[in-house]
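Given the coordinates of chain X, work out where chains W and S should sit on it, guided by the hints.
Protein chains in written order, with this note's numbering: chain X, 407 to 838; chain W, 447 to 723; chain S, 11 to 322.
It is worth saying that the hints were derived from the structure and are not from the lab. There's no promise every hint is true.
[Unchecked claim] Residues of chain W placed beyond 10 Å of chain S at every Cβ, according to the derived structure:
hint : residue
1    : Pro460
2    : Arg490
3    : Val510
4    : Val512
5    : Asp581
[Stated by the list, open to error] Below, in silico cross-link-like pairs of lysine-lysine (DSSO-like), each with a Cα-Cα straight-line distance of 27 Å or less:
hint : chain 1 : residue 1 : chain 2 : residue 2
6    : W       : Lys636    : X       : Lys816
7    : X       : Lys500    : S       : Lys166
8    : X       : Lys593    : X       : Lys659
9    : X       : Lys546    : X       : Lys831
10   : X       : Lys784    : X       : Lys743
11   : X       : Lys546    : X       : Lys534
12   : S       : Lys93     : X       : Lys695
13   : X       : Lys546    : X       : Lys730
14   : X       : Lys831    : W       : Lys499
15   : X       : Lys563    : X       : Lys695
16   : W       : Lys499    : W       : Lys666
17   : W       : Lys499    : X       : Lys659
18   : X       : Lys501    : S       : Lys166
19   : S       : Lys166    : X       : Lys730
20   : S       : Lys166    : X       : Lys480
21   : X       : Lys679    : X       : Lys591
22   : X       : Lys752    : S       : Lys93
Glycine is no exception: its CB is placed at the ideal position from the N, C-alpha and C atoms.
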Amino acid sequence: MSRFMIERRGTAVLAGVATAALALSACGVASTSSGGSAGELTLWTHNAGNPAELGVINQIVADYNASQSKYTVKLQAFPQESYNDAVVAAATAKKLPCVLDADAPTVPNWAYAGYLTPLDLPQDLVSKQLKSTLGNYQGKLYSIGMYDAALGLFARKSALEAAGVRIATVDNPWTAQEFADALAKIKADGKYQYAFDLGTGDSGTEWWTYGYSPFLQSFGGDLIDRNGYKTAGGVLNGDAALKWASWFQGLVKNGYTPAKSSTDAFADFVNGKSAMVWSGIWHSGNLSKLGADGIVMPPPDFGNGPKIGGGSWQWAVSSTCGEKAAAMDYITFSLNKKYLAEMAEKQNVIPATEEAAAMVDGWQPGGAKRFFLDESAKYAMIRPPTPGYPFLTTTFAKAAQDIIAGGDPKTILDQAVSDIDADLKANNHYGF
Amino acid sequence: MPALVLIVVFFFVPVLLGFVLSLTNARLTSPQGPQFVGLDNFTRLFSDPLFWKSLRNTVYFGAVVVPLQSGFALGLALLINARIRGINVYRTVYFLPVVTSIVVVSILWTFMYQRDGLVNHMLQAVSFNLIQGTDWLNNPSTAMPAIIFMSIWQAVGFHMVIWLAGLQTIPGDLYEAAELDGASTWQRFKYVTWPGLRATRSFILVTITIAALSLFAQIKIMTNGGPLDSTSTVVFQSVRAGYEQQQTAYASAISLVFFVLVLTVSLVQRFLTRDKD
Amino acid sequence: MATITTTRDGVPRAASQPTRGRPDRGFGTIGGYIGRTVLALFFAFPIIFMFASSLKPDNQIFADLSSLRAFLPVGDISMDNYKAVFDTVPAWRFLANSIGVSLLTVVLGVLVNSLAAFALSRMRWRGRGFVLAAIIATLVVPFETFALPLLWWVNKLPWLVMQNGQPMWTLGWLDSYQVQIIPFIANAFSIYLYYSYFSTIPKELDEAARIDGASWFRIYRSIIMPLAGPATATVAILTFLPAWNQFLWPLMAVQSENLRPVMVGVQYFFQLDVAWGPMMAYASLITIPVLALFLSFQRAFIGSIASSGVKG
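In isolation and in its complexed conformation, chain X is listed as follows (with noise of 0.2 Å):
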């Protein structure tokens, strides 16, 4: 009975496996092909599961294999979360695409490594961009970007209102006084859970440093001394590093912000359980559920002018590619301002030209996505350009969470830059 039962069960499995065989080895004939036969490009990019970006790279791949018959680009996108791993997993087996994106600060890494190639675009084109999509090092250009992004402070006039404070502009940023009054006062409102919520609750590394190293840049210190990019001693725990970070801890400790925050603290804003909210331009969009109610402003200045933190996603070019003329094709080709206003209105981002700007509703001068430019082109910071910032920014960004968490801040920046400059001195400086 039980030999019969097993017996019947293996031939049942073993027709499972010979189904699965010949439906892996149908789909497999495509894919052994795939080591790209003449003229094909491959394109990586970060955005699969972000319909809207990978839609406008999807129609300017599309509308490039159209305009020519040399070569064809073959699009492969990641889920942004894991992108780095798989490029610096495929750079290892030197399997990286012709084309692909980066995010800014990653890019000296990249080009240190040798995983890409200094770009070679019109000049004219180069000059007409924001200075922040343009990815610099060793005074080469190796990325370049179709748009950036911007952090900035929204709020609900009516708390602001009902609190006495005033509305910062860009030309008028708070300063740290009137950031504090304006906490203080929201609180003593008691009509908000928070007065103001960090949005701490993304515990992925990048978020961190883009976040708010740009409050610590504000203060007055900085994740590496940018003079020479030696050592981070005496920026990241100087007397500047040391305010900022009680300032940052104090933000918990008097309640002000939740020491962890929701996975979307946007929407704990839109929802009314903070009074103002520390986020991004992606979220504008959603701004807008509240009318009149919901306005965006710059940081405070809290002595160094107000920072918000600069470069966002970035195209290069491998190092390992085989058409790298067809590649800076194809980049030059991309930059067209018909598609740097397109990524602008559908992904809600700064186009990196004032030529695009003019094409899109909302980002003419006076327009109301205005700010976003104003802001990054007055207060934008640029991470620091140096090989060393996948380490600098994990170290940041651990030592940023040990802070809220509420670990001693001296301690936290000494263990920081001491695990900083070794990183630094066993890397040679990364050849600064």
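Structure of chains W and S alone, referenced to chain X:
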């Protein structure tokens, strides 16, 4: 023997490659090739406070999870070994979390563990608002226990099934004989069930221990090692150093130390659970 | 009452089911049912929550948290999240890939590992102890720690393909199905499990068969494996689940979207902010096949466990 070839090609070769790397200064991204640096990585490792913290967390997790999970699993196995109507339903439900991927489960529980998440709402409801719950994953003293709880919830069904397989290899007439001799439930367990589970026991012990010491996915998704390193584990530190911080050689050194650690624990366990009769 | 019937050559034959793993009637009372049900709720509530949430828009998921509605498909119910899933992720393709890859890994794994365990437990050869120890040692190294060297290494391996009807060698396994299957076939857990299970099967069985002139393979196929049902069931689960859950490896080793497995798709929902509704829908979607598989196989698994008649 095909298995041997596969293991050599897909395990020993890459692992040995990793060991060699631990004696160099190899980086994930670097224009220069790796250079031999002797034991530098190990000296650095042993003076790295994060390593000792990670080691402590790993041992903590293992020391709690191994006995709790194997005991709970045995309890469940005994419960579902009954021949009562509908037992299949229970068996299936207890096994549900196992078939749910740890990635999905970790995301789900991260959501539930939030300050005003499902877990706290449920605690309030069952305690009539007496328990106000905390921000589980963001409190250094509750983050690890919260992960332990979830990990056991997720994996216990698997070991339940293994115990069950063991239970069902015990011949029924032994129980009948015991019953004829007037043995109590506890005596039947002690003299029939427990000895009958000898082989299963050591298998479960080894697998749970290794799985526990290799704790990684939950940490990566739920806490990233925080808050204040309270959930950083050895494998997590190794992966963080190796991928995010691109210190390939240092990560290999951590892996090597980890390998020695787990090997030692396993050998000790094997020694303790060897046939005494 | 049924007992183990032992044939003349000492082979324990399947005893009739009722006494196998004799249950305790003491747990079968009303109290037993209540206790078991409470436990069932404990294991099921997050998953019920997941399925219920997959039908709701994000704001309702949050609003329902404070009541039992969190577990019920009530309110603004729709399949919108599932629609969003299919707009975002090529879900059918991912599911097909994962099913194919996992099943092949399971079947090849059962075959290869049971053979290895058989050789280790039944045949006498030099170095057997050493090989066994080496295999067990592989248990202790988590995959994450050698994934990168492995990646570099598989990229150096050759593969035979048919091109225009001609066999041809290509170099490098990246971006393929085999890279998701072959490295995971041989598995120390499975070998160990089979090995310890085989060692509970009386040696007299195969000795008798040897005397009758049966080959080793015949003993493996006709005596040992049929008795190893429970081990096979466990190995199958043990191999299937990690294969289905593969995430880090396919991410690194597979670039083409049409070769990706389901777990990689989870990350498609982490864009800027987590879209909980679609995320829950996708999570439900990729859990259902495993669940269905387990449910349909569980009778066979448990059945074989109950009837295999192996002495502990």
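Under the criterion that the straight-line Cα-Cα distance not exceed 27 Å, is the pair Lys93/S, Lys695/X satisfied?
holds, 24 Å
For the pair supplied as a hint, Lys593/X and Lys659/X, is the alpha-carbon distance within the 27 Å limit?
holds, 13 Å
Is Lys546/X close enough to Lys534/X, meaning Cα to Cα at most 27 Å?
Measuring from Cα to Cα gives roughly 17 Å; hence the hint holds.
27 Å limit on alpha-carbon distance, applied to hinted pair Lys499/W and Lys666/W:
Holds, because 16 Å separates the two Cα atoms, which is no more than 27 Å.
Satisfaction of hint between Lys695/X and Lys563/X, Cα-Cα up to 27 Å
holds, 13 Å
Do the alpha carbons of Lys546/X and Lys831/X lie within 27 Å of each other, as the hint requires?
Distance of about 24 Å is within 27 Å: holds.
Quick one, are Lys636/W and Lys816/X close enough, alpha carbons at most 27 Å?
violated, 57 Å
Given as non-interface: Val512/W, partner chain S, CB spacing beyond 10 Å
Val512/W clear of chain S: closest Cβ-Cβ about 14 Å, beyond 10 Å.
Hey, Lys500/X versus Lys166/S, does the alpha-carbon distance stay inside 27 Å?
Holds, at roughly 11 Å.
When you check the alpha-carbon spacing of Lys166/S and Lys730/X, does it fall within 27 Å?
holds, 25 Å
Can the restraint linking Lys752/X and Lys93/S be considered satisfied, given a maximum Cα separation of 27 Å?
holds, 20 Å
Is the straight-line distance between the alpha-carbon of Lys166/S and that of Lys480/X 27 Å or less?
holds, 25 Å
Hints 1, 6, counting from the list given before, are not met by this structure.
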